[in-house]
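Visitor: Sequence:
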Amino acid sequence: MKKVFIIAEAGVNHNGSTELAKKLIDVAAESGADAVKFQTFKAENLVSKNAEKAQYQKETTSNKESQFEMLKKLELDVSTHKELISYCKDKNIMFLSTPFDHDSIDLLNKLGLEIFKIPSGEITNLPYLRHIGKLNKRVILSTGMSDIGEIEDALDILIEAGTKKDKITVLHANTMYPTPMEDVNLKAMITIGNTFDISYGYSDHTLGIEVDIAAVAMGASCIEKHFTLDKTMQGPDHKASLEPKELIEMVKAIRNIELALGSSIKKASKSEKINMSIVRKSIIAKKDIKIGEVFTSDNLSIKRPGTGINPMRWDELIGSKSLNNYKNEELI
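Each residue of the sequence shown is one higher than the one before, counting from 335 in the numbering used here.
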């Protein structure tokens with residue numbers, strides 16, 4: 335059974351602080367997540383200086399700064415990337431980061447990342463997709479705001495550029511922070527998997543962990559979830575993120591669901607076999623029976639324990655002659 339790949343999304347919740355980023359890595363490692371993910375970008379390559387903030391960003395950050403100014407403060411330079419990668423190795427957790435421009439793709443490739451996470455906003459960026467596709471690395475593609483045709487186009491570009499299909503995992507997502515429950519549409523995750531016969535998962539922006547657990551139960555092979563040290567901190571993504579205890583609870587719940595899903599074979603489990611003889615029943619004597627007496631529904635009954643003849647053989651006994659003497663309630 336393949337283990338669900340859990341990405342603890344630190345994103346920009348480090349607020350531009352290396353020390354805060356390290357604390358987020360500590361939390362992710364403690365939670366049992368497989369990877370902790372940040373974001374790699376140059377603000378000047380990502381957004382124009384007069385671009386407006388998203389509504390949720392306006393609600394969680396200062397109105398006095400532009401989107402460009404907000405993002406500029408959240409950049410991680412090359413030396414910080416190297417420091418965080420080294421720290422992740424010490425903490426035995428995979429370092430991931432989402433590149434938002436071509437320079438960032440090249441940087442992460444030079445730093446040796448084996449998995450490239452494509453954010454929802456780049457799913458219609460042909461040159462960007464082609465750039466990542468040429469690397470032939472493992473790819474995780476988020477699909478927020480997209481329809482099935484746009485997902486198909488993105489996959490075609492990645493595959494034609496050189497990435498093998500079996501290296502791609504497609505994540506259903508909704509790009510609203512937080513996502514209203516009525517907009518999750520988790521069944522679309524299954525549609526993605528069935529339509530493209532591809533590995534699928536879920537990138538979650540809802541509050542809480544219920545949807546993540548449901549996604550795993552529905553076959554998700556990858557779960558991505560934002561987390562922070564404190565939801566009340568200043569910054570665009572803190573409010574819609576899990577706090578440390580919630581992240582730990584989510585990972586624990588996912589691992590439990592993994593175990594509970596088991597295999598597709600229906601049979602008695604190891605733990606319940608010991609109860610079979612106690613809970614099941616056997617054919618017993620309803621009254622004293624003598625040798626040669628014919629078994630009938632008048633002299634046979636079915637009761638616990640299940641250590642005797644299986645009641646499914648009832649028809650075999652009825653009408654046959656007893657080969658022994660039996661006392662009332664003795665196993666036949």
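Keep in mind that the hints were calculated from the coordinates and are not lab data.
Beta carbons: idealized from backbone N, C-alpha and C, even for Gly.
Please note: incorrect hints may appear among the correct ones.
DEER-style ranges, computed between Cβ atoms [unchecked claim]:
id: 1; residue 1: T525; residue 2: L445; range: 30 to 38 Å
id: 2; residue 1: A388; residue 2: K471; range: 50 to 58 Å
id: 3; residue 1: S420; residue 2: K521; range: 36 to 44 Å
id: 4; residue 1: I599; residue 2: N426; range: 45 to 53 Å
id: 5; residue 1: V628; residue 2: I524; range: 32 to 40 Å
id: 6; residue 1: K416; residue 2: G553; range: 33 to 41 Å
id: 7; residue 1: K383; residue 2: T529; range: 36 to 44 Å
Visitor: Compare the structure with each hint and give your call.
Guide: Consistency of the hints with the structure:
1. Here the CB-CB span from T525 to L445 is close to 35 Å, well matched to the stated 30 to 38 Å.
2. The beta-carbon spacing between A388 and K471, approximately 29 Å, falls outside the hinted interval of 50 to 58 Å.
3. Under the hint 36 to 44 Å, the C-beta atoms of S420 and K521, about 42 Å apart, fit the expected range.
4. Distance hint check: the CB atoms of I599 and N426 are about 34 Å apart, inconsistent with the given range 45 to 53 Å.
5. Between V628 and I524, the C-beta spacing of about 58 Å breaks the proposed range 32 to 40 Å.
6. At roughly 37 Å, the beta-carbon separation of K416 and G553 lies within the given 33 to 41 Å, and the hint holds.
7. Restraint check, K383 to T529: a C-beta distance of roughly 39 Å satisfies the suggested window 36 to 44 Å.
The structure fails hints 2, 4, 5 (numbered hints given earlier, in ascending order).
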